[in-house]
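Novice: Spelled out, the chains give:
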Amino acid sequence: MTLGVLFLVVVALGLIAWFVARARAAVFRSGSVGRFSALPAHHGWYVALWTILPPLVFLTIWWFVSPALVTDAVLATPAAAALPPPGFARAAILSEARYLSRGDAFGAFHNLSEVLAPAYATAQRRYDWIATGLAALLAFAGFAFAIIRVRPNFAARTKVERIVMLALLAASLIAILTTVGIVASLLFESARFFAIVPITDFLFGTHWSPQVIDARDPGASLGAVPLFWGTFFIGAVIAMIVAIPFGLMSAIYLTQYAKASTRRWMKPLLEILAGVPTVVYGYFAALTVAPAVRDFAVAIGITWASSESALAAGLVMGVMIIPFVSSMADDSLAAVPSSMRDGSLAMGATPSETIRRVLVPAALPGIVGGVLLAVSRAIGETMIVVMAASGVAALTLNPFASTTTVTKQIVDLLTGEAEFNSAKTLAAFALGLTLFVVTLLLNIVALVVVKRYREAYD
Amino acid sequence: MTERAPTDWRTDAMRRRIARRYAAERRFRALGLGAILLSAGFLAFLIVTMIAQGASGFTETRLALPIDFARATLAVTPEQLRGQRADLALAGAGLEGVVDSAAGATFGASGGAALLSDGAWLRVRDAIKADPSLLRRKATLDVPVASDIDMAYKGAGGATAEQTVAVLRGSLSRGLNIGFFDGADSTDPTRVGIWGALKGSLLTMAVTLILAFPIGVLSALYLEEYAPRNRWTDLIEVSINNLAAVPSIIFGLLGLAVFLGTLGLPRSAPIVGGLTLALMTMPVIVIAGRNAIKAVPPSIRDAALGIGASPVQVVFHHVLPLALPGILTGTIIGMARALGETAPLLMIGMRAFIAAPPAGLGDPATVLPVQIFLWSDEVQRGFVEKTSAAIIVLLVFLLAMNGLAIYLRNRFETRW
Numbered sequence: 024m025t026l027g028v029l030f031l032v033v034v035a036l037g038l039i040a041w042f043v044a045r046a047r048a049a050v051f052r053s054g055s056v057g058r059f060s061a062l063p064a065h066h067g068w069y070v071a072l073w074t075i076l077p078p079l080v081f082l083t084i085w086w087f088v089s090p091a092l093v094t095d096a097v098l099a100t101p102a103a104a105a106l107p108p109p110g111f112a113r114a115a116i117l118s119e120a121r122y123l124s125r126g127d128a129f130g131a132f133h134n135l136s137e138v139l140a141p142a143y144a145t146a147q148r149r150y151d152w153i154a155t156g157l158a159a160l161l162a163f164a165g166f167a168f169a170i171i172r173v174r175p176n177f178a179a180r181t182k183v184e185r186i187v188m189l190a191l192l193a194a195s196l197i198a199i200l201t202t203v204g205i206v207a208s209l210l211f212e213s214a215r216f217f218a219i220v221p222i223t224d225f226l227f228g229t230h231w232s233p234q235v236i237d238a239r240d241p242g243a244s245l246g247a248v249p250l251f252w253g254t255f256f257i258g259a260v261i262a263m264i265v266a267i268p269f270g271l272m273s274a275i276y277l278t279q280y281a282k283a284s285t286r287r288w289m290k291p292l293l294e295i296l297a298g299v300p301t302v303v304y305g306y307f308a309a310l311t312v313a314p315a316v317r318d319f320a321v322a323i324g325i326t327w328a329s330s331e332s333a334l335a336a337g338l339v340m341g342v343m344i345i346p347f348v349s350s351m352a353d354d355s356l357a358a359v360p361s362s363m364r365d366g367s368l369a370m371g372a373t374p375s376e377t378i379r380r381v382l383v384p385a386a387l388p389g390i391v392g393g394v395l396l397a398v399s400r401a402i403g404e405t406m407i408v409v410m411a412a413s414g415v416a417a418l419t420l421n422p423f424a425s426t427t428t429v430t431k432q433i434v435d436l437l438t439g440e441a442e443f444n445s446a447k448t449l450a451a452f453a454l455g456l457t458l459f460v461v462t463l464l465l466n467i468v469a470l471v472v473v474k475r476y477r478e479a480y481d
Numbered sequence: 012m013t014e015r016a017p018t019d020w021r022t023d024a025m026r027r028r029i030a031r032r033y034a035a036e037r038r039f040r041a042l043g044l045g046a047i048l049l050s051a052g053f054l055a056f057l058i059v060t061m062i063a064q065g066a067s068g069f070t071e072t073r074l075a076l077p078i079d080f081a082r083a084t085l086a087v088t089p090e091q092l093r094g095q096r097a098d099l100a101l102a103g104a105g106l107e108g109v110v111d112s113a114a115g116a117t118f119g120a121s122g123g124a125a126l127l128s129d130g131a132w133l134r135v136r137d138a139i140k141a142d143p144s145l146l147r148r149k150a151t152l153d154v155p156v157a158s159d160i161d162m163a164y165k166g167a168g169g170a171t172a173e174q175t176v177a178v179l180r181g182s183l184s185r186g187l188n189i190g191f192f193d194g195a196d197s198t199d200p201t202r203v204g205i206w207g208a209l210k211g212s213l214l215t216m217a218v219t220l221i222l223a224f225p226i227g228v229l230s231a232l233y234l235e236e237y238a239p240r241n242r243w244t245d246l247i248e249v250s251i252n253n254l255a256a257v258p259s260i261i262f263g264l265l266g267l268a269v270f271l272g273t274l275g276l277p278r279s280a281p282i283v284g285g286l287t288l289a290l291m292t293m294p295v296i297v298i299a300g301r302n303a304i305k306a307v308p309p310s311i312r313d314a315a316l317g318i319g320a321s322p323v324q325v326v327f328h329h330v331l332p333l334a335l336p337g338i339l340t341g342t343i344i345g346m347a348r349a350l351g352e353t354a355p356l357l358m359i360g361m362r363a364f365i366a367a368p369p370a371g372l373g374d375p376a377t378v379l380p381v382q383i384f385l386w387s388d389e390v391q392r393g394f395v396e397k398t399s400a401a402i403i404v405l406l407v408f409l410l411a412m413n414g415l416a417i418y419l420r421n422r423f424e425t426r427w
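Same order as they appear, the protein sequences are chains H and L.
Just remember that this note's numbering sits 23 ahead of the position in the first sequence, which is counted from 1.
Just remember that this note's numbering sits 11 ahead of the position in the second sequence, which is counted from 1.
Some clues are possibly wrong.
[Stated by the list, open to error] With a straight-line cut-off of 25 Å between C-alpha atoms, the simulated SDA-like cross-links for lysine to any residue are: (1) Lys305/L x Ile199/H; (2) Lys305/L x Val359/H; (3) Lys182/H x Val404/L; (4) Lys282/H x Leu42/L; (5) Lys290/H x Leu229/L; (6) Lys182/H x Leu229/L; (7) Lys290/H x Leu316/L; (8) Lys290/H x Pro322/L; (9) Lys182/H x Leu152/L; (10) Lys182/H x Ile318/L; (11) Lys290/H x Leu410/L; (12) Lys282/H x Ala124/L.
Because the hints were derived from the structure by calculation, they are not lab data.
Produce the entire structure from the sequences given, and follow the hints as far as they go.
Specialist: Dropping the structure here:
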């Protein structure tokens, strides 16, 4: 049986167990009038969980482990001796044999895979039977263990609730596991990278050209400073020049001037701007904005203007960030006590004077926190720069020149044809680690700023 | 403190001053309105541009092509077309050559066949399958034209193609491009379709939802209702808030290193895409879920506890049902974000050229945003309208999801 069917069978067994246990509990309740520790349904749940969980845990582990076991079994057959040494060709033949054995392939490119396919089918069948047998054994053992516990004085509810609590705890631990997974995988691959390239070359080198890496001194062409500068220039300078004024003024208008009815449809409109996928912004930037920017540059006399300018990517990224800045500013403006606003208005200040001299200064820490978060989001943004910025790493202050960013380089490095162990591929993980650390720091600083500000008024 | 004379509001200086302040007020207000209108204008410009460029992608240009099946030497008879074997019989019948020579006979031997799309013979095949009696007579069929002719007929082609269109005008017509909705990727822009990518997206989303929703809701419940306040729960909270702000491409690197590198799952499969996106969506659901749970008043918990419910019963019988609309709103927003996500999926290899819709979770697949990205890289003119058309489809999905979320929020917003 395949794993999917096995899962369904186990769940069906659990359902049966639930009914059996509930019926059993109902029987001993029907005659007597004593006090019981649990309802029949709780007994049902207790037995059902004991029937389902052990085989499910087993099958989940099996799902990850069994492909390797099957491959090992195939490799142990005599026919596998003719396989080429580990590498791309070997993997291709093995995966072709696997497809053939499942009947998914129409034909084979390699003769060897046709020879290996029956071995694959045999091994797969054998391991499928082992899985079925073990899962059934676990299900029945769990069922037997639980069903003999169904007695009038057995506190099934407490036991079930303990399992539920464990499930809740396990669910929330996944966040930690993900964080650990991110940090561990980035650190691990980066460590391999820094074994090849000195960390100082990477962090302080000013020459980036991963296409041609000198094997004797790989660090010389993997200096990431131009990438850091390009990322900062596009994400933190150009994008913010667009996003901060527009976001802040939108928030001020929406919170202070707009009628409730206007606000009701203006706000969702801004939210839609935030919901547009970045690939759409990227396409728009590359197709419409970038040529317009170049035409503009040519019109003002810059003849060498690039069609993959920092300005085009930055402008569109700024528009993407507007709703984000706006909603952060909105929140912090709303958190300013209205007595401060009313006091200023009562002194005879106009609304705009109140906003500029009272509300914005009072909300400033919150706004600054929001801007920091926006910067963090802008420098981590990928698709706009992948589609609108160039791959040329240059240290330039000119917005019409082409620059590249960290995220664009990660995509370029990992979607090529390179080997998984080369300095080129591993450099992507080092860039990823840098990006992760920088955005993490920005987020922490932003949260600290916001938190300190909130304490002032609560 | 010295006494000051009351301000004389009638002096010219004071009037000018007030006028200046009011003008500043009006300017500031106009600035705010301008900012918001420009933002909305940008959105409108984007949508209008996409519709203007993409609307023609939903139509195709067809050429009326007379084919004399009776005289063509097709290795197939109407009797062979009954039942299951029809596709196989037609595939080996040399239909492509017959269509090409028919085009050559009608529109000139040199360039006639080049007028037609690579997929023109498929249309003829379908027509024959629908009506086998065609094989015995002469018929005129509408078949799709090559991409450059198609573009020229839509008014965006090159000079030579424009001339060809002017010559052919009488036999050209326009129709709904059904192939765009049920086809998959192709190298010929007239043959591409979004169904392959859409199906990949749906499978990926299904995996994401199945994993992220229960995990997200359960951890929100744990953190909000049961978790003791200690260093461990603080750690969980910090990692969830941090994960929500991690750049999406980092999740792609995680998926590449862990799911592909360590666990050896298949490249570019919906299952890996779904796993990666689930890790990204889960924090969004947790944060929305916690807010919704927090909004349920404590009196409801106290009442349930007061009549003897256990803490688990309180949560699952009372708190969770009341918080569910809020959780669903957050889930829909998280799923909409996942549906539009491209970067992490590029990392796990979903940018391959895949010409068949995926049949299962382990099959190579692509998703709609990645398909848009791939088409945007194509240099052929015909791909511009297809890219924009695919963007329209994606935006329709996203707007529907966001609209549903806003509707749910308004409909179920309860104030206790």
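Novice: Decide, hint by hint, whether the structure agrees.
Specialist: Comparing the hints with the structure gives:
no.: 1; hint: Lys305/L x Ile199/H; result: holds, 22 Å
no.: 2; hint: Lys305/L x Val359/H; result: holds, 23 Å
no.: 3; hint: Lys182/H x Val404/L; result: violated, 50 Å
no.: 4; hint: Lys282/H x Leu42/L; result: holds, 16 Å
no.: 5; hint: Lys290/H x Leu229/L; result: violated, 31 Å
no.: 6; hint: Lys182/H x Leu229/L; result: holds, 18 Å
no.: 7; hint: Lys290/H x Leu316/L; result: violated, 40 Å
no.: 8; hint: Lys290/H x Pro322/L; result: violated, 39 Å
no.: 9; hint: Lys182/H x Leu152/L; result: violated, 72 Å
no.: 10; hint: Lys182/H x Ile318/L; result: holds, 21 Å
no.: 11; hint: Lys290/H x Leu410/L; result: holds, 15 Å
no.: 12; hint: Lys282/H x Ala124/L; result: violated, 63 Å
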